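Undergrad: Since the structure of chain A is provided, determine the placement of chain B on it from the hints.
Protein chains: 2
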Amino acid sequence: MNSFDQEDGSPVMYRTPDYVPRRSWRTWLIGRPLPTADAPHQTIGKLAGLAIFASDALSSTAYATQEMLVVLAAAGTAAFGYAFPISLAIVGLLIILTLSYEQTIHAYPGGGGAYIVARDNLGELSAQTAGSALLTDYILTVAVSVSSGVAQLVSAFPVLYDFRVEIAISLVLFVMIVNLRGVREAGAAFAIPSYFFVAMMYLMVGVGLVRYVAGTLLPVADPPPMETLGGVQALSLFLILRAFSSGTTALTGVEAISNGIQAFREPRSRNAGITLMWMSVILGTLLVGITFLAGEIGAVPSESETVISQLARTIYGGRNVLYLATIASTTVILIMAANTSYAGFPRLSALLAIDGFLPRQFAFRGSRLVYSYGIVALALIACMLIAIFQASVTGLIPLYAIGVFLSFTLSQTGMARRWWKIGHLAPGQEVKERGSTLRYEPGWQTKMTINGVGAVVTAVVALIFATTKFVQGAWVVLLLMPLLVLMFSAIHRHYRSLASHLSLEAYGAPPPVPRHRVILPISGVHRGSLAALRYAMLLSDDVTAVHVSLDPEEAARVRKKWDMWGEGVRLVILDSPYRLWLEPLLAYIEEVAANRQPNETLTIVVPNFVPKHWWHNLLHTQAAIVLRLALLFKSGIVVTDVPYHVE
Amino acid sequence: MNSFDQEDGSPVMYRTPDYVPRRSWRTWLIGRPLPTADAPHQTIGKLAGLAIFASDALSSTAYATQEMLVVLAAAGTAAFGYAFPISLAIVGLLIILTLSYEQTIHAYPGGGGAYIVARDNLGELSAQTAGSALLTDYILTVAVSVSSGVAQLVSAFPVLYDFRVEIAISLVLFVMIVNLRGVREAGAAFAIPSYFFVAMMYLMVGVGLVRYVAGTLLPVADPPPMETLGGVQALSLFLILRAFSSGTTALTGVEAISNGIQAFREPRSRNAGITLMWMSVILGTLLVGITFLAGEIGAVPSESETVISQLARTIYGGRNVLYLATIASTTVILIMAANTSYAGFPRLSALLAIDGFLPRQFAFRGSRLVYSYGIVALALIACMLIAIFQASVTGLIPLYAIGVFLSFTLSQTGMARRWWKIGHLAPGQEVKERGSTLRYEPGWQTKMTINGVGAVVTAVVALIFATTKFVQGAWVVLLLMPLLVLMFSAIHRHYRSLASHLSLEAYGAPPPVPRHRVILPISGVHRGSLAALRYAMLLSDDVTAVHVSLDPEEAARVRKKWDMWGEGVRLVILDSPYRLWLEPLLAYIEEVAANRQPNETLTIVVPNFVPKHWWHNLLHTQAAIVLRLALLFKSGIVVTDVPYHVE
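So the sequence lines, in the order shown, correspond to chains A and B. Counting from 102, one number per residue, gives the positions in the first sequence under the working numbering. Counting from 102, one number per residue, gives the positions in the second sequence under the working numbering.
Since the hints were derived computationally from the structure, they do not count as laboratory data. A quick note: this is a predicted structure, and the numbers were derived from the prediction, not measured.
Note that identical chains are pooled: a pair holds if it fits in a single copy or bridges any two copies.
With a straight-line Cα cutoff of 30 Å, these simulated BS3-like cross-link-like pairs (lysine-lysine) come out:
(1) K533 to K661
(2) K662 to K533
(3) K533 to K522
(4) K533 to K147
With the rest of the complex left out, here is chain A (with noise of 0.2 Å):
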């Protein structure tokens, strides 16, 4: 309690106060407070940068291979051929996007995610919309990959099957726990287990196509029930289409790294465009290898073994310490790609509450420095979509993908219009956006085809995806995006409205107050409500006790005490023939505010009785509160509580 600072006559005095957090359930559960000035700056280099961004990227591959074979098996196994053609496409795509983003990661240097972009290059609305989809696209992610890790699981222990919804909400709220402590040295906690991931992938893959090329990798020996969508129907280009779409859903997360820019070591844009190299290149080679594999293998789609665990036991000869392995990385990295939503949704609703479109609490860091209501908030909606969706993949797949292609045609497309913004800048000509500077650059129109070809391939996946999978679930999708924009846009005018109310802009002097009326009500004379009428002098001489008169007997007594104790107050009794007690009192004070006379100000004192334990409050009417309740949408009207505590 010190440091001063009142040379200059203004009335304004600086104190720290000497508080130290009290200890609580909250202190065990997600570690002591941090002051303000305990915030990281630490940056990472690129393994580290690759093993944080690229898990939500790369442990897609342990799904997206079974989510194509689930659709294509409507049309039965030898259908199952077509999966290893649509990987290749999707890696040509995954080629596209890859180049689409290392441009957007070296123009917005302080992170270039979708939202940003858009605002800065095609307006509010487009803006909105990538936030919404971005959004719903996180929560999908925490829902998707840890049900997957969990079904992972099971497929190793299927005694686990009848608990998994148990398991994946419990793996989400730990996962939320870790995130509130905050991960402050996160770089070794998460290369370790990625790059285990990555290196149990190649070697299953690499030791798969050995055998293949040996002629000793067989058929997957026993395999489960095989699971398909719907009936029986014939091959055609849609179904090959609606694969494809499930297959997209491996290029989720390849976005992270255009997020998390900030986090490199300098030079930062140059680090983070080689560490996305790094991951398409792994991501590309593992989605391809595993999908072949698992055609040559004759792995069928089923709730109850992943195919990753056919391809494990069969490619290892077993269910032994190799498989283990496999299965543990993946389940692993299904859990971590999970954290990285964890990362990105606090932080974009903490942008989007920064600029008035979702409440302010999404800005606050919390007691760790971290943005505890986008965290609790992301943790609570994935555990309801875990639950109505009975943490089955399959069953989320259709909701998935859609928002985040969506987002990437509104990023490409932003950056398709910056760099015609640019190539029609002067030379040495300067244009500071919020999220980047503009300055003209020669072969700006390669830039912009670049990102113009990433535009219209990502929209012509989002639409393949919207029309495949619209009757599956993708409608929500469609129908929830636009109802957050309107969330958004009504949040963000109340936001500006209260803003110009309270705005100090054209408003004068403060008129004077010619007169306070003050109102007592009373339920009996007693010290309590004496030491409220002594309060309410102490305020005006203009004071009014009114006492509601249930019972004509009780009135007679509180008269007669009034008249010993009142000091001269005038008391009013109101008659409640109906033994109301709070419509008289109410009817009573509106009439009084309503001849106010103009600028006159009304208070209301409330003697408040504060028992000793908090159990005593069943024992009393909540006068009080009840009244603060009815009168708080009353205009104008102050209301006082004096407490009279009995020690």
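TA: Coordinates of chain B only, in the frame set by chain A:
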């Protein structure tokens, strides 16, 4: 708004507001509010009195026989022969009880429930024990009677078996609503079903006896699966006593008339006493008749068909119109028996509340002039019991009757003591007690003996009940009653200590208030906080505004604006390194409070932003509410809400 009364210079003024209660969903559900002046004063004759007060006692003939049989079933069907002699023993007990209560009715013409008799003659602890026993039993009466009513319905329509809990709960709530409306013209509504039931029972027993004498009474055809309690066991005295205990549930409700003497027409005690006699005769003959016939047709206890249903279809030769009329009348009387509790429980809990043993709210008359709190509490607890015991009469019976017999014992002991007191008065001497007036009466020894025998016999029955049913559930009640008594005395202690704290005895003139300090927490400088500042300056010259700074930039902005708009009032900026808002503010307020002079008043003026739509509250931290809750428990700090309405 009129009627002054200010001729005598008193500052007290009477007003009757032109207030008419608004129509709402409650009006629709329970009717328009009734003014206090409408309280009913009508009295009833013996025929109506029998209908209203006897339904509880008479209805127990619908299950008492069956509950004896279910106990005896453990020793095989041969043991069923003991049911008839047991029923004769119960009738003997009934005669003793009737004589005892006849005396109580004449001694307490103002109402002689066990609580009042025990309070006046045995002291507070016995009164509270009687009160807790009666409250417990009223609740069980509702649960048992409604469950038994539903069991009759299910016997006639077995398809309803799976919905018995839902039906029972709906009936309890229905009776609750009827009672919340208030039963003003209860006479006719009660008389018809009560006499219909008595007529149907006598018809059934009569036809049964005629067929028995004529030798045409056959055994029950196609009997339902027999229900037993626990395993097979040998016939023992213990088992017979347990069957006797179950049968004594027929006597619950005998005390109802003694509680409601005031409702009878003058000569009150005489009318009530004769009604009691009639009731006992009907109850005794029906119990013996039903038990005898049940033995003759070989009726078996069962969850799926009641003994009454087996009797009716055997006597009437099938499920015909007479059968259905019997079942219908039984169902209706059982629901009406629950209704008796709805009269007794609220009246007793109001009595306890007035004496300060239950929360005062139980003594408030609701909009329909009934004790709404008691009615709702009874319904909710009974529904809970029904849900826990799955509407099984056999499951509930072990909890039942023990409370009744305990209250019988206390009431009769109290009466015996009263006669002893009367015997020791001088002739002509008069002692006024709270519930009655004592005058010397010749022959007090005989009357004391009658009540004394009643006390001893009911005490023995209570003991038998507690012993034989302890394991099955009586322990719950034996545990619950002392807990209730403890709760009563805790509540009583609270009200007494509160009254002494609020008492104006030895209360001197209030000391003068030398100084009034005002603290004004602000989140920013805007129209809302300036309105609050204006109000704070109206209260005192000593105002300090406080801003908790989570962000130095924001603090600098606040400071700059305050220099311009703060009207020279002191502003303290509290640094908050942990980004907490409440804790530094509370620490500051506590420091100021700790340093204040004696009798200095401290007021916290909280600007409270009131949004136009309720959902807007989600977009704001509820700072005012949080602060108010935190300050509620600090002694001697006044909190004032200054609302700022955004239109």
